[in-house]
Amino acid sequence: LAQADRSQLAPVVGARVPLAVSEAGRVTVFRPEDGGEEHYAIEIGRPDRSRPVLTRLHSACFTGDVLGSLKCDCGPQLRAALDAMGRAGAGVLLYLNQEGRGIGLANKMRAYSLQDQGFDTVEANHRLGFEDDERDFRIGADLLKSLGFSAVRLMTNNPKKVDMMRAQGIDVTERVPLKAGHSAHNRAYLDTKAAKSGHLL
1 LAQADRSQLA
11 PVVGARVPLA
21 VSEAGRVTVF
31 RPEDGGEEHY
41 AIEIGRPDRS
51 RPVLTRLHSA
61 CFTGDVLGSL
71 KCDCGPQLRA
81 ALDAMGRAGA
91 GVLLYLNQEG
101 RGIGLANKMR
111 AYSLQDQGFD
121 TVEANHRLGF
131 EDDERDFRIG
141 ADLLKSLGFS
151 AVRLMTNNPK
161 KVDMMRAQGI
171 DVTERVPLKA
181 GHSAHNRAYL
191 DTKAAKSGHL
201 L
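Here the sequence shown is numbered in the numbering used here, starting from 1 and rising by one per residue.
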């Protein structure tokens with residue numbers, strides 16, 4: 001999203017949603033005034049705004065989150081993050097609609113087809129005319145600020161998320177490693193994320 005669009009991101013509605021990890025769940029839907037993609041903030045328990053909150057920035061992954069795809073570690077990471085927040089009694093999951101690292105589901109399927117031909121995940125994106133990662137994590141900072149959070153313990157293996165949060169004025173007091181879902185099917189994908197995208201795996 002461009003800076004002008006990001007400034008228009010506002011909460012549309014929020015409601016209590018009891019979850020398996022916490023009956024005290026709450027979902028708030030955010031949408032830009034221009035009608036762009038919606039993004040969701042899920043509060044687990046009753047997070048204390050005065051302390052760093054356990055937080056996960058999770059980009060939508062239809063294949064991993066919904067279908068249980070073995071090509072990525074997204075689904076297991078999502079469930080591990082929610083489980084950790086449930087055990088801690090509080091947390092915030094920011095679910096950003098940036099499918100396929102920001103290129104959308106159709107282009108992600110095109111990238112998968114190229115991967116079947118031998119290209120890695122970064123090379124496939126480049127052949128389709130995209131950067132290796134098109135996501136804008138500043139959206140997550142906008143959601144946190146709107147909800148009254150200023151400090152987080154960020155569950156991520158991606159240093160870029162930490163840097164972008166800090167650049168937007170969010171105090172990242174700790175990076176909490178999140179390792180889940182490693183398998184023979186996604187070993188090459190994870191190796192590429194570590195070697196070419198700087199993920200700490």
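Calculated from the structure, these hints are not laboratory results. C-beta atoms are modelled at their ideal positions from N, C-alpha and C, and glycine is treated no differently. Take these hints with a grain of salt, some might be off.
Unchecked claim - FRET-style restraints, in silico, Cβ to Cβ:
hint	residue 1	residue 2	range
1	V29	A151	20 to 28 Å
2	G118	S50	47 to 55 Å
3	A151	G118	42 to 50 Å
As the list claims (entries may be wrong) - Taking lysine-lysine pairs in the BS3-like style, the calculated list, with each CA pair at most 30 Å apart, reads:
hint	residue 1	residue 2
4	K160	K71
5	K71	K145
6	K145	K179
7	K145	K160
8	K160	K179
Each hint tested on the structure:
The given range of 20 to 28 Å is respected by V29 and A151, whose C-beta atoms sit roughly 24 Å from each other. For the hinted restraint 47 to 55 Å between G118 and S50, the CB-CB distance of approximately 52 Å keeps it satisfied. The supplied range of 42 to 50 Å is met by A151 and G118, whose beta-carbon atoms lie about 44 Å from each other. Between the alpha carbons of K160 and K71 the distance comes to roughly 22 Å, so the proposed pair stays at or under 30 Å and holds.
This hinted pair does not check out: K71 and K145 have alpha carbons roughly 33 Å apart, beyond 30 Å. Simply put, K145 and K179 have alpha-carbon atoms about 27 Å apart, close enough for the 30 Å limit, and the pair holds. Only pairs whose Cα atoms come within 30 Å are accepted, and K145 paired with K160 is accepted, the gap being roughly 19 Å. A hinted pair counts as satisfied when its Cα atoms are at most 30 Å apart, and K160 with K179 qualifies at roughly 17 Å.
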